[in-house]
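Student: Use these hints to put chain Z onto chain G, whose structure you have.
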Amino acid sequence: MTGRYLLRRLLAAVGVLWAAFTVSFVVLYLLPGDPVATMASGGLDGEPLPPEQLDALRARYGLDQPVVVQYGHRLVAALTGDFGTSIQNGQDVRSAIIEALPPTLQISAAGLLVAVVFGGTTALVATYTRAPWLRQLLMALPSLAVSLPVFWVGLVLVQVFAFGFHLLPSVGANGAAALVLPAVTLGLPTGALVAQVLAKSLAQALGEPYVTTARAKGVGRAGIHLRHALRNAALPALTVLGYIVGNLIAGSVVVETVFTRPGLGRLTVAAVGVQDIPVVQGVVVFAAAVFVLVNLAVDLIYPLLDPRIGAAS
Amino acid sequence: MPRSLAPWLGVAAVLLSACGATPAASTADPGVPQPGGTLRFAVSSDQGCVDPQQVGSNDTIYSLRQVVDSLTDQDPATGELRPWLATSWEGNADASAYTFTLREGVTFSDGSPLDAAAVKANFDAVQDLGPRGTLPKGYLAGYTGTTVEGPTRFTVAFDRPNVQFLQGTSTHSLGILSPATVAKSDDDRCAAVVGSGPFVIESYTRDEAIVLAKRAGYAWGSSLWRSPGEAQLDRVEFRIVPESGVRVGSLQSGEVDAIGNLAQQDEAPLTAAGAQLVGRPNPGIPFGISFNQATPLGGDAAVREALSLAIDRAEVVATVYNSQTKPATSALASTTPGYADQSTLLAFDPAKAGAVLDAAGWLPGADGIRARNGTPLTVELTWFSNSPANRAAVELIQQQVRKVGIDLQLREKPISENTPTLQSGQFVATWGNTTRADPDILRSTYSTAGNNYYRLSPGPLDALLAQQAAEPDQAARAAVVAQAQQLLVQEYDAIPVVELTTVLGVAADVHGIAFDAGSRIQLHDAWKVQP
Chain G
1 MTGRYLLRRL LAAVGVLWAA FTVSFVVLYL LPGDPVATMA SGGLDGEPLP PEQLDALRAR
61 YGLDQPVVVQ YGHRLVAALT GDFGTSIQNG QDVRSAIIEA LPPTLQISAA GLLVAVVFGG
121 TTALVATYTR APWLRQLLMA LPSLAVSLPV FWVGLVLVQV FAFGFHLLPS VGANGAAALV
181 LPAVTLGLPT GALVAQVLAK SLAQALGEPY VTTARAKGVG RAGIHLRHAL RNAALPALTV
241 LGYIVGNLIA GSVVVETVFT RPGLGRLTVA AVGVQDIPVV QGVVVFAAAV FVLVNLAVDL
301 IYPLLDPRIG AAS
Chain Z
1001 MPRSLAPWLG VAAVLLSACG ATPAASTADP GVPQPGGTLR FAVSSDQGCV DPQQVGSNDT
1061 IYSLRQVVDS LTDQDPATGE LRPWLATSWE GNADASAYTF TLREGVTFSD GSPLDAAAVK
1121 ANFDAVQDLG PRGTLPKGYL AGYTGTTVEG PTRFTVAFDR PNVQFLQGTS THSLGILSPA
1181 TVAKSDDDRC AAVVGSGPFV IESYTRDEAI VLAKRAGYAW GSSLWRSPGE AQLDRVEFRI
1241 VPESGVRVGS LQSGEVDAIG NLAQQDEAPL TAAGAQLVGR PNPGIPFGIS FNQATPLGGD
1301 AAVREALSLA IDRAEVVATV YNSQTKPATS ALASTTPGYA DQSTLLAFDP AKAGAVLDAA
1361 GWLPGADGIR ARNGTPLTVE LTWFSNSPAN RAAVELIQQQ VRKVGIDLQL REKPISENTP
1421 TLQSGQFVAT WGNTTRADPD ILRSTYSTAG NNYYRLSPGP LDALLAQQAA EPDQAARAAV
1481 VAQAQQLLVQ EYDAIPVVEL TTVLGVAADV HGIAFDAGSR IQLHDAWKVQ P
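Which chain is which? The protein sequence lines are G and Z, in order. First residue of the first sequence: 1, per this note's numbering; consecutive thereafter. First residue of the second sequence: 1001, per this note's numbering; consecutive thereafter.
These aren't lab readings, by the way, just hints derived from the structure by calculation. Any given hint could turn out to be false.
Facing chain G, a subset of chain Z residues (Cβ under 10 Å, in silico) [to be verified]: (1) Ser1185; (2) Asp1207; (3) Ile1240.
Where a beta carbon is used, it is the ideal one built from N, C-alpha and C, also for glycine.
So here's chain G without its partners, still in its complex pose:
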């Protein structure tokens, strides 16, 4: 791995983060509506506040300054990790995100586990089986799972397993049992993605010359499948890791709402609803940072697995 390769990847990562900050800033400030007026209207049915008091509030949050000045202030603060305080409840944005992170990590990890088990098994069995009907059935599953709306899956699971059979809790984040339904809901579409990518590269790997060589050496079918093909097919699956992480984060918005779990998704939905600009921006930049880090890690691991990549660039 060369130093230039590393430097280029790092610069690209910083560029993506800056772009995420700037785009979110521009979009949030182009949104119609006035966060201060929303907050001051006292919920849905309070009396509106007189204009002069609204102006005082805008001054408190720096919203009365020219947009360019606000951008500069926020960018400088963001460099130190300071995204300001929530307009709705005064909480420090950084601590709000840190507080919301563990439950989302928990649900994402559980969802990823479901995704790998479901996707991996489907892909392995589909490429291993000699029965065409089973292969076709298994290969149809991912397309079906991808097309099912996540919230629908969640609601059906709640209705059946929580309200119908009282097997699992419907809401909350207490204990492993409460993790099952959300993890399945989140893991199905992500697992479908894993299955599609893995099945395709497994099929490809099985056609490679080294498989023929291995077969000639007398390695059994299962051995070829698991030891040789899977190892090589796992590499393309690793490439879509960033996409998978994105899927999990986006899915957490729906899953946390349906299953009433705390986390980044709920934080985001609530903040968007009341135009809590600092919180929304903090979450956007945080999510971008996660993507960047995951992709950076993939980029850095790749040359280790396949030396041609680092040398060629």
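Tutor: Quick look at chain Z alone, frame taken from chain G:
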């Protein structure tokens, strides 16, 4: 998102009705209250703040109302103010100062005494309360200070007559917090507060739950309650469940005991499962249409009158709203003190609507839309997507008024644009409401001396609205308020359509959940049949 989930949930509910909850028997006579137990109440949102003086969302008020006591309580049946923390009070001649006598021996849950100094600290701090303290600030408009005359006696003074302050003392917004809480910053108060109420906050997990525990030794309840002593329930868990389908399912399956924010389509499955539906119309300004009278169409009295005559309120209510909802019959909702029935002026009469428009020169065109001097009778109605019923209601009204030749164009905006829209005057007509259990809401909404968002011209209404704000005699005030309502409806300054009604779904074995005068809940007397 809830809107788009509803149809799916309907499908799911039908598919899965076979494994639904078994209906529980509803008892007609609840019998003697049984103390103890935990009430689990699912609400849809969390405002992210547990300071009753700062919150405005009903979902959060439901829990925080139980944590603070107020100086007075308002009888939901009569609108009268009754003793709570204050045993008596009197105002001066021009309603600009009020002297209260407090009950003795009241303490906050941190042990500090609730005395005149504590009340003064609360009212003084409201002035410095940050952006979220708009409700209490409104009640204390013109506040000049509180004079402590003794441990249990104090006077609150204003620089102008302020009759609505007294009703304000009955609300959660002016609920009394411990001096230690009051001394904290508004942001810190959002995380934890200490009150003197029948329940204390046991834990608060943002976006998940607010858990209340009974305050042992509580003995200073409102005179409107069954007893002044401790609450019946040991604990109350307010769970935040944003998805309406999950809320309804939770109640049906017995995972929770009560839920808020019920839609019309939720009613049948809940009653089928044996749940009770308890509702009360919200006081204040009912849902209806108000005009920007500085615009040509909004300023045209014939257009306003015809629009009012063309709306079939009964059909709107039956088609869109909960079964307990009623058509609006005045500029104030029927549960507002001082409400006066104006229903004769609010009849559905499409023939008369046509005649009014004919007389004003608005004549039917080829496409059925009326026009005058080549200008079509197209009225733009701005509405806000804060309540799921709003879209269905305005779309039905659009169809109704089309029949008399009025082309109502609907313009949807997010609720965050409500105040900016009204301020800027960039609207012809708006659809909205305001909850408030005092008729002074008419003054803040329609007086030309205030914000005057509807650009009314100064007139006799202003004098009436100012007069009621300074009239300490309740009967005399009601008479003035009645005149103001008649004038508003007669001039079609407001076209009231439907009374927003709060409806809760409550399990059959839960009793005694009471609505206060603002249609928020009071849980001191609530109890649950113990197994």
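Student: None of the hints should be skipped; say for each whether it holds.
Tutor: Structure-based check of all given hints:
no., hint, verdict
1, Ser1185, "holds, 8 Å"
2, Asp1207, "holds, 5 Å"
3, Ile1240, "holds, 6 Å"
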